[in-house]
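Protein sequences, first through last, are from chains F and D.
All you need for the working numbering is the position in the first sequence, starting with 1, plus 246.
All you need for the working numbering is the position in the second sequence, starting with 1, plus 4.
Honestly, the hints are just simulated from the structure, not real lab data.
Note that CB positions come from ideal geometry on N, CA and C, so glycine has one too.
Don't take each hint at face value.
Said to hold, decoys possible - Listing some non-contacts, in silico: residues in chain D with all C-beta distances to chain F over 12 Å: (1) E7; (2) A11; (3) K20; (4) V21; (5) L87; (6) V91; (7) A118; (8) E125; (9) R130; (10) W133.
Unchecked claim - In the EDC-like style, the derived pairs of lysine to aspartate or glutamate whose C-alpha atoms are separated by at most 16 Å in a straight line are: (11) D:K19 / D:E99; (12) D:K23 / D:E85; (13) D:K19 / F:D454; (14) D:K20 / F:D248.
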Amino acid sequence: MDPRINVVEKRLEKVGRIIAVAGGKGGIGKSTVASLLALVLADSNQKVGLLDLDFTGASTHIILGIDNFHFPEEDEGIIPPKLHGISYITIANFTQDHATPLRGQDITNAILELLAITRWDELDYLIIDMPPGINDTTLDIIRLINNIEFCVVTTPSKITTGVVKKSVELLEELDVPILGVIENMTYPTIHYAKETFPKCYLGTIPFDETYEEAIGDTEKLLETTIAKTLRNFTVICDKMC
Amino acid sequence: MHEWALADAVITTAKKVAKEENLIKVTEIVVKIGELQTISREIFNTALQQVLKDAPELFENVECKLEIEPAGFKCMNCGHEWLFCDVKKKLDDDETESIHFIPETAHVFLKCPACKSPDFEIAKGRGIWVDSIEGEK
Numbered sequence: 247m248d249p250r251i252n253v254v255e256k257r258l259e260k261v262g263r264i265i266a267v268a269g270g271k272g273g274i275g276k277s278t279v280a281s282l283l284a285l286v287l288a289d290s291n292q293k294v295g296l297l298d299l300d301f302t303g304a305s306t307h308i309i310l311g312i313d314n315f316h317f318p319e320e321d322e323g324i325i326p327p328k329l330h331g332i333s334y335i336t337i338a339n340f341t342q343d344h345a346t347p348l349r350g351q352d353i354t355n356a357i358l359e360l361l362a363i364t365r366w367d368e369l370d371y372l373i374i375d376m377p378p379g380i381n382d383t384t385l386d387i388i389r390l391i392n393n394i395e396f397c398v399v400t401t402p403s404k405i406t407t408g409v410v411k412k413s414v415e416l417l418e419e420l421d422v423p424i425l426g427v428i429e430n431m432t433y434p435t436i437h438y439a440k441e442t443f444p445k446c447y448l449g450t451i452p453f454d455e456t457y458e459e460a461i462g463d464t465e466k467l468l469e470t471t472i473a474k475t476l477r478n479f480t481v482i483c484d485k486m487c
Numbered sequence: 005m006h007e008w009a010l011a012d013a014v015i016t017t018a019k020k021v022a023k024e025e026n027l028i029k030v031t032e033i034v035v036k037i038g039e040l041q042t043i044s045r046e047i048f049n050t051a052l053q054q055v056l057k058d059a060p061e062l063f064e065n066v067e068c069k070l071e072i073e074p075a076g077f078k079c080m081n082c083g084h085e086w087l088f089c090d091v092k093k094k095l096d097d098d099e100t101e102s103i104h105f106i107p108e109t110a111h112v113f114l115k116c117p118a119c120k121s122p123d124f125e126i127a128k129g130r131g132i133w134v135d136s137i138e139g140e141k
């Protein structure tokens with residue numbers, strides 16, 4: 247038997263809420279929402295961790311402007327380094343940001359290894375940046391983390407909405423709590439998410455032209471409409487703060 | 005050292021099995037570790053002895069047997085098979101350390117010696133598992 251499974255709960259015992267930021271498609275802003283949510287919460291004096299599980303497309307370090315990769319400190323496991331007030335673990339720490347071509351079983355093993363050896367300190371929130379789609383990572387996180395909740399990101403696109411709908415339906419079938427669905431990069435005339443996800447619709451994040459310029463600079467990131475919207479999401483705040 | 009975290013996983017598992025099987029004493033734990041974990045037997049044993057102190061009565065005089073399974077790969081592209089021990093000397097210190105933390109990063113730093121593909125299967129010698137737990141009821 248694999249002993250690592252039996253310590254995952256113990257490693258996460260000091261963590262309050264664990265929120266996986268997911269969505270059906272690539273490029274819809276999951277990493278942006280995960281990174282800025284962590285940043286906004288840290289800026290509101292919450293104790294926050296960020297775990298980037300998008301192994302093949304890790305990008306939260308780019309958003310947060312982290313380009314100096316070190317192995318985490320070791321003390322009866324690995325201790326997530328604290329960057330911009332966020333306890334942070336990414337595969338890039340171990341790959342030196344090289345391409346990471348992993349197949350399914352390798353992804354499962356890498357997730358399990360990270361969860362078994364990482365000692366998260368006391369946290370109010372652990373935000374997990376997920377890869378696109380329903381895949382090994384999604385199934386492993388649901389299997390391994392009992393109190394996982396999903397924040398689902400979509401965009402004003404029929405294609406994205408159609409794919410995300412299937413993800414939401416699966417999570418509902420599996421009785422996995424959904425914190426809500428956020429429609430990202432919206433413009434005023436289209437509201438697919440509100441119509442498609444009436445029960446769990448949280449709100450919209452407008453397309454923000456300043457975001458690209460702010461990437462890598464946490465002070466500028468906190469001034470973006472995306473960050474301000476996340477900070478002001480009353481439903482999220484009611485549920486999270 | 006993160007070996008402690010893995011040793012803790014082994015002993016946590018032994019405690020769970022002991023509870024499920026109504027064992028009052030665990031007498032033997034056989035642990036297999038894949039060579040790809042690049043774990044020092046000595047460091048892991050030291051970590052195990054530390055963790056065992058958490059439940060001295062349950063683990064009094066327990067014998068912990070540690071076996072290292074050689075790691076081997078099979079290329080998904082050309083079918084070539086090779087062993088970790090034949091290529092690990094080519095890794096630099098950081099690459100070895102990366103694989104030590106997360107063995108799957110072997111896919112980042114190793115390539116098939118025959119066709120240079122990173123698309124290979126870790127056929128054996130990955131991970132850690134508890135092979136058997138013996139005890140008294």
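Hints, verified against the model:
Here E7 (chain D) does not stay apart from chain F, with its beta-carbon only about 9 Å from theirs, under the 12 Å limit. Its beta-carbon lying about 9 Å from the closest one in chain F, A11 (chain D) breaks the requirement of being farther than 12 Å from that chain. Interface exclusion of K20 (chain D) from chain F breaks down, the closest Cβ pair being 6 Å apart, not more than 12 Å. Annotated as non-interface, V21 (chain D) brings its C-beta within 12 Å of a C-beta of chain F; the closest such distance is 8 Å.
The beta carbon of L87 (chain D) sits about 18 Å from the closest Cβ of chain F, which is more than 12 Å, so the claim that it is off the interface holds. Its beta-carbon lying about 17 Å from the closest one in chain F, V91 (chain D) satisfies the requirement of being farther than 12 Å from that chain. A118 (chain D), annotated as away from the interface, keeps every beta carbon of chain F farther than 12 Å; the closest lies near 17 Å. Not every C-beta of chain F lies more than 12 Å from that of E125 (chain D), the closest at about 8 Å, which undercuts listing it as non-interface.
Distance to chain F contradicts R130 (chain D) as a non-interface residue, since its nearest Cβ pair spans about 7 Å, not more than 12 Å. Non-interface status of W133 (chain D) relative to chain F is broken: a Cβ of that chain comes within 12 Å, the nearest being about 5 Å off. Our distance criterion of 16 Å between C-alpha atoms is broken by K19 (chain D) and E99 (chain D), whose separation comes to about 35 Å. Pair hint K23 (chain D) plus E85 (chain D) does not hold up; C-alpha atoms about 42 Å apart against a cutoff of 16 Å.
For the given pair, K19 (chain D) sits about 53 Å from D454 (chain F) by alpha-carbon distance, which is inconsistent with the 16 Å threshold. Straight-line distance between C-alpha atoms of K20 (chain D) and D248 (chain F) comes to about 13 Å, which keeps the hinted pair within the 16 Å bound.
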